[in-house]
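K.L.:
Residue numbers (UniProt numbering): 1 to 414.
The reader is advised that the hints may include incorrect statements.
[Stated by the list, open to error] So the derived label-pair ranges between C-beta atoms look like this: (1) T286 x L48: 48 to 56 angstroms; (2) S50 x D85: 17 to 25 angstroms; (3) T74 x T262: 38 to 46 angstroms; (4) T70 x T262: 38 to 46 angstroms.
The hints are simulated quantities; they were obtained by calculation from the structure and are not laboratory data. In this text, a Cβ means the ideal position worked out from N, Cα and C, and glycines have one as well.
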Amino acid sequence: CFAVLLVVYYHRKTRKPTRAKTVVSSNEGKGSTELQQIQVKEKYKPILMSEIMYGDQLGTGAFGVVYKCTFQATKCAIKKLHAKDESSEALAKALMDEFHVMSQLRHPNVLLVLGIAEDAVEGAKGIVMELMEASLADVLSSASFEQYATWAGSLLSIASDVANGMAYIHYNNMLHRDLKPGNVLLDAQWVAKVADFGTVFDTSDSAISESGDIQGTPPYLAPEIVKRHVYDKPVDVWAFGCMLAHMGTKRPPYSWLTHIETPKQLLDVVASGEYSPLELLLESTTTSDSIKDLAKSCCQPGPIVRPTFEQISQKVSEAVNVAFGAATPRGSSNVDPRPVARIKNKRPLRTSIIAAPGAPERDSTASSDSLTSTMDQSYREKFKNRSKSSLEKSYRTFSDTLLATFTPGKGLKD
Numbered sequence: 001c002f003a004v005l006l007v008v009y010y011h012r013k014t015r016k017p018t019r020a021k022t023v024v025s026s027n028e029g030k031g032s033t034e035l036q037q038i039q040v041k042e043k044y045k046p047i048l049m050s051e052i053m054y055g056d057q058l059g060t061g062a063f064g065v066v067y068k069c070t071f072q073a074t075k076c077a078i079k080k081l082h083a084k085d086e087s088s089e090a091l092a093k094a095l096m097d098e099f100h101v102m103s104q105l106r107h108p109n110v111l112l113v114l115g116i117a118e119d120a121v122e123g124a125k126g127i128v129m130e131l132m133e134a135s136l137a138d139v140l141s142s143a144s145f146e147q148y149a150t151w152a153g154s155l156l157s158i159a160s161d162v163a164n165g166m167a168y169i170h171y172n173n174m175l176h177r178d179l180k181p182g183n184v185l186l187d188a189q190w191v192a193k194v195a196d197f198g199t200v201f202d203t204s205d206s207a208i209s210e211s212g213d214i215q216g217t218p219p220y221l222a223p224e225i226v227k228r229h230v231y232d233k234p235v236d237v238w239a240f241g242c243m244l245a246h247m248g249t250k251r252p253p254y255s256w257l258t259h260i261e262t263p264k265q266l267l268d269v270v271a272s273g274e275y276s277p278l279e280l281l282l283e284s285t286t287t288s289d290s291i292k293d294l295a296k297s298c299c300q301p302g303p304i305v306r307p308t309f310e311q312i313s314q315k316v317s318e319a320v321n322v323a324f325g326a327a328t329p330r331g332s333s334n335v336d337p338r339p340v341a342r343i344k345n346k347r348p349l350r351t352s353i354i355a356a357p358g359a360p361e362r363d364s365t366a367s368s369d370s371l372t373s374t375m376d377q378s379y380r381e382k383f384k385n386r387s388k389s390s391l392e393k394s395y396r397t398f399s400d401t402l403l404a405t406f407t408p409g410k411g412l413k414d
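Hey, can you work out the whole structure from these sequences and the hints?
P.N.:
Dropping the structure here:
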């Protein structure tokens, strides 16, 4: 009897935790993809919120805010719900779902989660993550972008990192659904990591086929999402192509359309296919043809003809070989732009830092290295025929409204 109990105990201790995955089901014979979350049963040791020493606010998102913090002498970051949302059971569950997703991913180009922090009294939770230097959006929106001396090499290395990270995410049967510069983080050596997994899973079975809820950020959404069609991994590939356009031009996709002022208008443009998100990129004289061709293949209207991230990674490696004049055997990808791009470039810096609650106010005088989210002079010259006030209004609308992430239940305004 004792031996039987010992066997049962061993079986339970060695049983592997289940993870979230994508399953395919039939929808009128079309083979629709539904995202279903299998609860992770992995045990974890909660971090006491009282052990977290808060620093500056690093950023804010659709339902969360990120602070710089210190835990056990380690500098890290913590993502919490907005104070007004901490009592929401649905959002608290969404935060835990995001933690469970991140805890299953281990890759050099995916943001590392360190644990989950809990308030013993109020029950509030927060995801503790590794601390990164800045986001790709911070770099692209820099008013002094020219300080990054070897951006051509950095573009390739970042594209390679993101493609590798996304290939791993797709290998694990996950869709990111909000790939954009704001969700790509950079460390001090310019290594890029995919972050923010709050939209990975569709927890509502009817979110796509019935309710029509749209998740993601409008300028990077694939047409099949906007049209509320069944979609799969190619939507992330489309977003990657849009991100290449943003990196190559330093302008968000569709930002040249001056009549766009609301998310609804932009979604209508994406659905119609009248304009390509790559128009500015294809006109660029500073972006290589290999990057333009890759972006075009990623943003093909038909999802089935878009490349996989494994194929994209290989194409980026080929672009690196061409750009740096590497004479390597066919199929080899041993050339890395990182030494060139990352030694000469300055560290990527955040656009802004907000003091933590209760912290002393910072000096309002901007330093020579401080970055702002205003447009640089080249963009003003491109649209010099428009009035300054109109130009600023158009950009402000894009940065504040059109670049915000849609989440379930978030309505659209005409």
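K.L.:
Would you list, in rising numerical order, the hints stated earlier that this structure does not obey?
P.N.:
Hints that this structure does not satisfy do not exist here, as all of them hold.
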